[in-house]
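Engineer: These are the residues of each chain, in order.
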Amino acid sequence: MTKVQNFLKGLIKENPVLVLILGTCPTLATTTSILNALGMGVAATVVLLSSNMAISALRKVIPDKVRIPCYIVLIAGFVTAVELLLHAFVPSLYDSLGIYLALIVVNCIILGRAEMYASKNGVLDSAIDGLGMGCGFILALFAMSFVREVFGAGSFCGIEIPVLSRYCIPILAKTPGGFLVFGCLIAVVNAITKGKAIKKKDFGCAGCPSAIVCGKLSCTDEAKVGEEAAK
Amino acid sequence: MKFLMIIMTSVLVNNYVLSRFLGICPFLGVSKKLNQATGMGIAVTFVMLLATSVTWPIQTYLLDRFNLGYLQTIVFILVIAALVQFVEIVLKKYLPALHASLGIYLPLITTNCAVLGVTINNIRDGYTFLESMVSSLGCGIGFLFAMVLFSGVRSRLEDAEPPKAFEGLPITLIAAAITSLSLFGFSGVATGLFGG
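Note that the protein sequences, when read in sequence, are chains A and B.
Oh and the first sequence: position 70 is 70 in my numbering, straight run, nothing missing.
Every number in my numbering is 231 more than the matching position in the second sequence, counting from 1.
These aren't lab readings, by the way, just hints derived from the structure by calculation.
Just so it is clear, the structure is predicted and the values come from calculations on it, not from any experiment.
Please note that a few of the clues may not be correct.
Straight line, CA to CA, 30 Å or less: simulated BS3-like cross-link-like pairs of lysine-lysine [unchecked claim]:
{"hint": "1", "chain 1": "A", "residue 1": "Lys13", "chain 2": "A", "residue 2": "Lys3"}
{"hint": "2", "chain 1": "B", "residue 1": "Lys233", "chain 2": "A", "residue 2": "Lys65"}
{"hint": "3", "chain 1": "A", "residue 1": "Lys194", "chain 2": "B", "residue 2": "Lys263"}
{"hint": "4", "chain 1": "B", "residue 1": "Lys264", "chain 2": "A", "residue 2": "Lys194"}
{"hint": "5", "chain 1": "A", "residue 1": "Lys9", "chain 2": "B", "residue 2": "Lys395"}
{"hint": "6", "chain 1": "A", "residue 1": "Lys174", "chain 2": "B", "residue 2": "Lys324"}
{"hint": "7", "chain 1": "A", "residue 1": "Lys174", "chain 2": "B", "residue 2": "Lys263"}
{"hint": "8", "chain 1": "A", "residue 1": "Lys13", "chain 2": "B", "residue 2": "Lys395"}
{"hint": "9", "chain 1": "A", "residue 1": "Lys174", "chain 2": "B", "residue 2": "Lys233"}
{"hint": "10", "chain 1": "B", "residue 1": "Lys395", "chain 2": "A", "residue 2": "Lys65"}
{"hint": "11", "chain 1": "A", "residue 1": "Lys174", "chain 2": "B", "residue 2": "Lys323"}
{"hint": "12", "chain 1": "B", "residue 1": "Lys263", "chain 2": "A", "residue 2": "Lys13"}
{"hint": "13", "chain 1": "B", "residue 1": "Lys324", "chain 2": "A", "residue 2": "Lys194"}
So these bits of chain A aren't anywhere near chain B, every CB distance computed over 12 Å [as the list claims (entries may be wrong)]:
{"hint": "14", "residue": "Leu8"}
{"hint": "15", "residue": "Leu11"}
{"hint": "16", "residue": "Lys13"}
{"hint": "17", "residue": "Arg59"}
{"hint": "18", "residue": "Lys120"}
{"hint": "19", "residue": "Asn121"}
{"hint": "20", "residue": "Cys135"}
{"hint": "21", "residue": "Phe151"}
{"hint": "22", "residue": "Ile159"}
{"hint": "23", "residue": "Ala191"}
{"hint": "24", "residue": "Lys194"}
From the three backbone atoms N, C-alpha and C, an ideal C-beta is built for every residue, glycine too.
Taking the hints into account, I'd like the entire structure generated from these sequences.
Structural biologist: Printed below as a string of structure tokens:
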């Protein structure tokens, strides 16, 4: 895989939000306005890029058994750095993102890429992967927030759109609208990829981002419980 | 009265899953069967209570006292991760029956943003220790409530035949939107009832 392909896969083919279904919480919560969504996207991308590079640089040092706690500490460190920087230089964004900024720590995209990619590849490749995935995340957040702000609040980046603002659909900017728009966006992606995306990540334990943490053990256990319950 | 209001708010008005978008992953992933949804909900409630009972004193007596507030994120996530591991080991050793029914959900909870969210929110809202515990209980119950409610909706979805592109996750999300719409009606109820 060339470096360009490596970067591009994160944008569409393996878009972390719309295809891999990772990081759903910030996607739903911070997309009520475009500026918020972009801020969230950039913050998460910075964390993803730096954590991917750090983890890939340390991949031979970190013992296999305690790798997840190590990753979490590294990620939490970067998140704290981003939090402090935003608090100092962009206080308005810091306030509007609120708790979701701290919750980047548990954003499954970051831990997911650390486990799936950065722990097995070199620093440069991991950086490109992180950047691509981050851009995919920003792209998905932008698409979500575009629909929700333009049609839900009738404005674009806070600037009112003349006709739309009178005939907007406020529910789109509220909680139910988040689920609705997200569902429709995934359906659009499914329609474009002709269902390949659904097959690849059949929804269930495999789609569960925590699967990487709980490992094969719990998931097979869970599948067994499911089977027994079905019997 | 204040406790009642906190519970009411966190279960119905500010339901973590359906109006604050925290803990969406288990909400979508483990809500296929009623018994699994209940198990996950109880496990999350349990961990939320436990995590709050540990993180609140840490924040108040360690971080605040020594001006280490900026370490909150790192400390909380580590405490929660360690706590979950610890609970799992204890359950496995002393209560194997409970471990068999709840244990499998525990590792899933480490990276659950609802747990980290509730501990941070309790601090940000300036709750006292008792209020924090009540609010965690409320959030846990709210989570359980949402899981149970949604597992019922999903069992009906299995028979539905949506358009091809909507199969699987998209139609589930749209069902979640309608479920969340039903809780939307409660906004303002708590302030109306308790005059807060």
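Engineer: Does each hint hold? Answer for all of them.
Structural biologist: Comparing the hints with the structure gives:
| no. | hint | in the structure |
| --- | --- | --- |
| 1 | A/Lys13 / A/Lys3 | 15 Å, holds |
| 2 | B/Lys233 / A/Lys65 | 45 Å, violated |
| 3 | A/Lys194 / B/Lys263 | 25 Å, holds |
| 4 | B/Lys264 / A/Lys194 | 28 Å, holds |
| 5 | A/Lys9 / B/Lys395 | 24 Å, holds |
| 6 | A/Lys174 / B/Lys324 | 46 Å, violated |
| 7 | A/Lys174 / B/Lys263 | 26 Å, holds |
| 8 | A/Lys13 / B/Lys395 | 19 Å, holds |
| 9 | A/Lys174 / B/Lys233 | 27 Å, holds |
| 10 | B/Lys395 / A/Lys65 | 42 Å, violated |
| 11 | A/Lys174 / B/Lys323 | 42 Å, violated |
| 12 | B/Lys263 / A/Lys13 | 27 Å, holds |
| 13 | B/Lys324 / A/Lys194 | 49 Å, violated |
| 14 | Leu8 | 23 Å, holds |
| 15 | Leu11 | 20 Å, holds |
| 16 | Lys13 | 17 Å, holds |
| 17 | Arg59 | 20 Å, holds |
| 18 | Lys120 | 20 Å, holds |
| 19 | Asn121 | 22 Å, holds |
| 20 | Cys135 | 22 Å, holds |
| 21 | Phe151 | 15 Å, holds |
| 22 | Ile159 | 26 Å, holds |
| 23 | Ala191 | 4 Å, violated |
| 24 | Lys194 | 9 Å, violated |
This entry does not satisfy hints 2, 6, 10, 11, 13, 23, 24, going by the numbered hints stated previously.
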